[in-house]
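Colleague: Sequence lines, in order, name chains A, B and C.
Note that our numbering numbers the first sequence so that position 350 is 350, with each residue one more than the last.
Note that our numbering numbers the second sequence so that position 57 is 57, with each residue one more than the last.
Note that our numbering numbers the third sequence so that position 306 is 306, with each residue one more than the last.
Hints listed in this document are in silico derivations from the structure and should not be mistaken for laboratory results.
Model, not experiment: these values are computed from the prediction.
We put the CB at the ideal spot given by N, CA and C, even for glycine.
A couple of the hints might just be wrong.
[Said to hold, decoys possible] Sample of chain A residues at the chain C side, in silico, Cβ under 10 Å:
(1) D11
(2) M40
(3) N45
(4) G90
(5) V115
(6) P334
[Claimed, not checked] If you want the footprint, here are the derived chain A segments under chain B, 3+ residues with CB under 8 Å:
(7) 185-194
(8) 242-250
What follows is the residue order along each chain.
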Amino acid sequence: MTTPVDFSDPDRARDLARVLQTLTPADPFKIVHVCGTHEMAITRNGLRSFLPDGVDLLEGPGCPVCVTPAADIDAAIEIARSGAVLCTFGDMMRVPGSRQSLDGARSEGHDVRTVLSAADAVAAAQESDRDVVFFAVGFETTAPMTAAILLDDPPANLSVLASHKQIPQAMAALLDLPGSRIGGYLAPGHVSTIIGTRPYDAWLGTRRIPIVVGGFEPLDILYALGLILRQNRDRSPRVENGYPRAVDAEGNLAALRLIDEVFETADARWRGIGTIPDSGYRLRSAFADRDARSRFTLDLPPERDEIPGCRCPDVLTARAVPSDCPLFGNRCTPLTPVGPCMVGSEGACSIWFRYGGRESL
Amino acid sequence: MCLAAPARVIEVSDDTAIVDYGGVRTTARLDALPDAVAAGDYVLIHTGFAIRRLSPEDGEETLRLFDELAASISPDVEAPSDASAPRSADAR
Amino acid sequence: MSEDRVTALHGAGGEVMGRLLAERVLPRLPRGSAGRIGLDALDDGATVDVPSGAELVLTTDSHVVKPVFFPGGDIGRLAAAGTLNDLAVMGARPLALTLAAILEEGFPIADLERILDSFATALEEVGAAVVCGDTKVMSPGEIDGIALNTTGVGVAERAISDAEIAIGDRILLSGSIGDHGMALLAAREDFRLETELASDVAPIWPMIDAALRVGGIRAMKDPTRGGLAAALNEMAEKAAVSLELDEAAIPVLDAVAGLSEILGISPLEVANEGKAILIVDPTRADAVLDALRGHPLGRRAAIVGTVTDEYPGRVILGTAVGGRRFLDMPLGDPVPRIC
Numbered sequence: 001m002t003t004p005v006d007f008s009d010p011d012r013a014r015d016l017a018r019v020l021q022t023l024t025p026a027d028p029f030k031i032v033h034v035c036g037t038h039e040m041a042i043t044r045n046g047l048r049s050f051l052p053d054g055v056d057l058l059e060g061p062g063c064p065v066c067v068t069p070a071a072d073i074d075a076a077i078e079i080a081r082s083g084a085v086l087c088t089f090g091d092m093m094r095v096p097g098s099r100q101s102l103d104g105a106r107s108e109g110h111d112v113r114t115v116l117s118a119a120d121a122v123a124a125a126q127e128s129d130r131d132v133v134f135f136a137v138g139f140e141t142t143a144p145m146t147a148a149i150l151l152d153d154p155p156a157n158l159s160v161l162a163s164h165k166q167i168p169q170a171m172a173a174l175l176d177l178p179g180s181r182i183g184g185y186l187a188p189g190h191v192s193t194i195i196g197t198r199p200y201d202a203w204l205g206t207r208r209i210p211i212v213v214g215g216f217e218p219l220d221i222l223y224a225l226g227l228i229l230r231q232n233r234d235r236s237p238r239v240e241n242g243y244p245r246a247v248d249a250e251g252n253l254a255a256l257r258l259i260d261e262v263f264e265t266a267d268a269r270w271r272g273i274g275t276i277p278d279s280g281y282r283l284r285s286a287f288a289d290r291d292a293r294s295r296f297t298l299d300l301p302p303e304r305d306e307i308p309g310c311r312c313p314d315v316l317t318a319r320a321v322p323s324d325c326p327l328f329g330n331r332c333t334p335l336t337p338v339g340p341c342m343v344g345s346e347g348a349c350s351i352w353f354r355y356g357g358r359e360s361l
Numbered sequence: 001m002c003l004a005a006p007a008r009v010i011e012v013s014d015d016t017a018i019v020d021y022g023g024v025r026t027t028a029r030l031d032a033l034p035d036a037v038a039a040g041d042y043v044l045i046h047t048g049f050a051i052r053r054l055s056p057e058d059g060e061e062t063l064r065l066f067d068e069l070a071a072s073i074s075p076d077v078e079a080p081s082d083a084s085a086p087r088s089a090d091a092r
Numbered sequence: 001m002s003e004d005r006v007t008a009l010h011g012a013g014g015e016v017m018g019r020l021l022a023e024r025v026l027p028r029l030p031r032g033s034a035g036r037i038g039l040d041a042l043d044d045g046a047t048v049d050v051p052s053g054a055e056l057v058l059t060t061d062s063h064v065v066k067p068v069f070f071p072g073g074d075i076g077r078l079a080a081a082g083t084l085n086d087l088a089v090m091g092a093r094p095l096a097l098t099l100a101a102i103l104e105e106g107f108p109i110a111d112l113e114r115i116l117d118s119f120a121t122a123l124e125e126v127g128a129a130v131v132c133g134d135t136k137v138m139s140p141g142e143i144d145g146i147a148l149n150t151t152g153v154g155v156a157e158r159a160i161s162d163a164e165i166a167i168g169d170r171i172l173l174s175g176s177i178g179d180h181g182m183a184l185l186a187a188r189e190d191f192r193l194e195t196e197l198a199s200d201v202a203p204i205w206p207m208i209d210a211a212l213r214v215g216g217i218r219a220m221k222d223p224t225r226g227g228l229a230a231a232l233n234e235m236a237e238k239a240a241v242s243l244e245l246d247e248a249a250i251p252v253l254d255a256v257a258g259l260s261e262i263l264g265i266s267p268l269e270v271a272n273e274g275k276a277i278l279i280v281d282p283t284r285a286d287a288v289l290d291a292l293r294g295h296p297l298g299r300r301a302a303i304v305g306t307v308t309d310e311y312p313g314r315v316i317l318g319t320a321v322g323g324r325r326f327l328d329m330p331l332g333d334p335v336p337r338i339c
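So here's chain A without its partners, still in its complex pose (with noise of 0.2 Å):
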């Protein structure tokens, strides 16, 4: 391992296993989390095994990749089969789209690429006569990157599709959707430690519910659970870091002003959620030469981003779990994905679907 200590250390797990039983809360008790990490970390290692019964850990909007409206993937279509090299991390790449996915662009024959890197996109432009074009998808972790490469004079060629959105802001829009009866928030470690915890207090912090900041070690996750359950057997609900190694109240300030630079706040598009104002960022005025969208002139086909039936905006929303949808399981599937909750390996869908309909054995 890279790290000198024992994140998985099983001894200590039981330990905090036993913290939260004891802490089991008298009535059932939701707890939502927004990270695709998050999950990712909470189903390889079994977390669930180790709830308290009534407590269930659901995702929420955490996954950009599940978020992007259908209009951004076909902005990227658009723009690699316009012949432009589109740059675009992994996760976005089976995502459907309105009429196809970017994978299905690729095999096409359009040059859909996968960076694992900002500055990758930047060398991809150094390297090619033709356009080349940055889909800037993520959370306020990602936004610095994009901020960073545009900043840094980068090659003409190079353009961004900016589609970076914030999390806080759709944390609070969530608690107003009907329905949705969220005890505790389990806050993303390393938006966290970009944005530091103060948006929280900004934007939560008249909500009265707990909201833990958590790391990513299946100790960590643990333990911010158990903060979760201590502040509500204490009534005594607020904003809390459980991450302090990575994460503290101001932030990265030089990553807050990288994005400062290029962005400014702007309502966006959450898919199956709506509009939630002020919970994205557009490129700057002056760096309107850098955005794509005008860069390129776009014939996008009319977006298609509600199937019928499907219920991936209840389930994106923590309003329903995945085989609550009607689709689930027949016509949706890992292989055949309707709806982007399907997608790839984060989306909660996908997740029930390869572990039996179920959240844990």
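Take the given structure of chain A and dock chains B and C to it, following the hints.
Modeller: Showing chains B and C alone in chain A's frame:
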């Protein structure tokens, strides 16, 4: 939305560093971590950029936090009485 | 010969092809016979001597790996090992392989020679022969570089399937998991990752032979495409049993674990090309383990689980931290992720 892994810094030059994850090396950018990062430091890296420096004591300190919670919440330890705290508005 | 690239004439069956075979191909395949009529005869077919009473085992594979030369091996070694190992995990001693090559016009002959050398070396490690072959050439763009097909012939007293498993049997792995798949991902130039990690591609028959002599091996499989997860799910489903694994016992190299963290891809879902899964009678598991570990390719062999009847057809992972979850059949080629 947070896949980030800790890596050890091998070498720093200007705004990039060569980092090592258990024998695999790659280059990371330091635009988001402009304060001095030195060889031997551990950093958290997300999509090829360092976002946080981790100190060697952090791991042990974290384990201490886990152990403190476990010690304070056991079936034998009484919950602190908090009759004076305001009841939360209906959060469910 | 002054030519350094394959041309259409090399596949045309005439003198040019004959010279290619005689001067560039056959000399590199010295072990060309497993019976009376062998490779050198350049006959329409070859004969293979088969002990009477043995079961004849056949297998075939096509290979189109990219890049053709990768850390730890190349398509030649991969083709040979792949087929030799399919025979090995059927419990069959490999006797002979065929080798058919489809080449793109323009393919460098020096590369072909390197590939043939690798192929021959792998055969030598097992003592099997290549007894017939074929060469075709396609126009540029009609095929990407090179494709190989190998068919293998082996013999066993009684071949071992991948499905005759009993409750209580132990699950063994012959070594570390995820090496080949991760090495190839890391080698992608666009990822800019530097590592010493190499593919584990190797013929494993001598190691398996040693294990078979101990006895008690009920089923075997080699976890190639789709990795350990795919192979175990196939076994569980065919035998309608549950395979219960202890994650902490599965050997994983540090470099593989590191790459797994960077790319967000599990070592359990990527290919292995020099490993075997063995399901063993519980009374023989320790002895089989010792036999595996006695061979250089089996240094990291481990007992990693048990066959139960808890969730028939499914694979269950007891995670390192103490949780439990299903280990699912992977859906497709693994894709690096950021979230």
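Colleague: All the hints need checking, so say for each whether the structure fits it.
Modeller: Status of each hint after checking the structure:
1. D11: Hint holds; A:D11 Cβ to chain C Cβ min 9 Å, cut 10 Å.
2. M40: 7 Å, holds
3. N45: 5 Å, holds
4. G90: The hint holds - A:G90 has a Cβ within 10 Å of chain C, the shortest such distance being about 4 Å.
5. V115: 7 Å, holds
6. P334: 5 Å, holds
7. 185-194: Since three or more residues must qualify, the claim that chain B covers the stretch 185-194 of chain A holds, with 6 doing so at under 8 Å.
8. 242-250: holds (count 3)
Violated hints are absent here; each numbered hint is respected by the structure.
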